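S.K.: Starting from the given sequences, assemble the full structure and let the hints guide the process.
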Amino acid sequence: MILTELRATADEFARATDWQPKPEGLCRGEVCVPAPGALSPDGMIDVAIAAQRLGMPLVHDTDHGVWALGSATLSGKSLSTAVAADPELKTFNGDSFKLSSLRGKKVILVAWSSY
Amino acid sequence: MPGWQALHNEIESLGATVVTVALDIDPALAKPWNDLVNPTHPSLVDTLHITNSLFGFTNIPMAAWIDEDGVLVRPAEGASIERSPLRDMEIPEGLPEQLNKMMHAVKAIPDDAEAYREAILDWVRNGSSSQFALTPDEVIARSQPRSDNEARATACFELGEYFHRQNNSDAAVQWWKEAHRLHPQNLTYKRQAWTLVTTPVGATEYDLMQGPNEVYDSNLVDEVTGDGGFGQFIIRPIL
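Residue numbers (my numbering), protein chains in the order written: chain Z, 38 to 152; chain F, 231 to 469.
Keep in mind the hints are simulated off the structure, nothing from the lab. The structure displayed is predicted, hence computed values, not measured ones. Backbone N, C-alpha and C define an ideal beta-carbon position, used for all residues, glycine too. One or more of the hints may lead you astray.
With a straight-line Cα cutoff of 27 Å, these simulated DSS-like cross-link-like pairs (lysine-lysine) come out [said to hold, decoys possible]: (1) 135/Z x 114/Z; (2) 127/Z x 142/Z; (3) 127/Z x 261/F; (4) 261/F x 142/Z; (5) 114/Z x 59/Z; (6) 261/F x 135/Z; (7) 114/Z x 337/F; (8) 135/Z x 59/Z; (9) 407/F x 331/F.
To give an idea of the interface, some chain Z residues facing chain F are shown, with a C-beta separation under 10 Å as derived from the structure [stated by the list, open to error]: (10) 71; (11) 77; (12) 81; (13) 92; (14) 107; (15) 110; (16) 136; (17) 145; (18) 148.
From chain F, some residues computed to sit far from chain Z (all C-beta separations above 12 Å) [to be verified]: (19) 253; (20) 280; (21) 299; (22) 304; (23) 326; (24) 331; (25) 339; (26) 364; (27) 426.
M.R.: Below is the structure:
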């Protein structure tokens, strides 16, 4: 997630990280992490607090004034829950596609590349 | 891709689907390969490599299995389903040295294709009673380690992608080098960056293999023709 300030709407944060703000805290699947102070009354996420709670490194490019938010390290593994992430991906036609649209089917998600 | 389309054709009537996702910063480079297959399964592009951080893809091909309820039953792991014809090809005499080394490196790639394909079919037919379907705890435990360095690498790679789109190549290269340093086992971070400095346009056979270049200290040829070979980057499925 690229940021020019350490605030993001809850929707932006959820789209980029798949962590959703809920009354229990920041949640993915069955995992919820208490994050007091991370969600403002105006619906904005304090990204520094959220990052600290989720073990996400914040990397700052001081020359250009941008940050990038790394992935969570809560479990010490690439997955902290078995609930599949649901990022917004694109088809080759540019249409949005969510894996959740395939609920009810078994999915083999395969990574490939042109290189 | 053709193999995955064939598998999709085989499993579609059984309530399963293949979804392919190209980890390509520029969809235009992947599209011709996609169009050759004309896939009928969902064929997606991940220009940010966000599936690296969310699923744990670090190389291609890799795959994760997701059940009908959206729960992973196998984490990201090496996912070949057909034996490469290169493996059985006689290496011709007189090839350039680096090409010769690369051919030997390719032939030495561990081959789990037949067993992995059979495992997919077993899961498609038998669901959670398949011996290859893991519990949620097993899925998490078998997912790859993620240290602070590896998590930091995801941020550095994204900064590189951001600056690449800003046409700020110097900044992009700086951050991609840092991503490579922090997570050296992530071959997609490396190959994505290398491919932007060794394009097929006017390439020699070395360029097509992402060989030595003037931008990065490392390159595919040197990394996979050394002691670790391609195998050092492959997360072999435990079947």
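S.K.: For each hint, tell me whether it holds in the structure or not.
M.R.: Structure-based check of each hint:
no. : hint          : result
1   : 135/Z x 114/Z : holds (24 Å)
2   : 127/Z x 142/Z : holds (20 Å)
3   : 127/Z x 261/F : holds (12 Å)
4   : 261/F x 142/Z : holds (26 Å)
5   : 114/Z x 59/Z  : holds (23 Å)
6   : 261/F x 135/Z : holds (20 Å)
7   : 114/Z x 337/F : violated (31 Å)
8   : 135/Z x 59/Z  : holds (21 Å)
9   : 407/F x 331/F : holds (25 Å)
10  : 71            : violated (20 Å)
11  : 77            : violated (23 Å)
12  : 81            : violated (21 Å)
13  : 92            : holds (7 Å)
14  : 107           : holds (4 Å)
15  : 110           : holds (5 Å)
16  : 136           : holds (7 Å)
17  : 145           : holds (5 Å)
18  : 148           : holds (4 Å)
19  : 253           : violated (5 Å)
20  : 280           : violated (5 Å)
21  : 299           : violated (7 Å)
22  : 304           : violated (9 Å)
23  : 326           : holds (20 Å)
24  : 331           : holds (19 Å)
25  : 339           : holds (16 Å)
26  : 364           : violated (8 Å)
27  : 426           : violated (9 Å)
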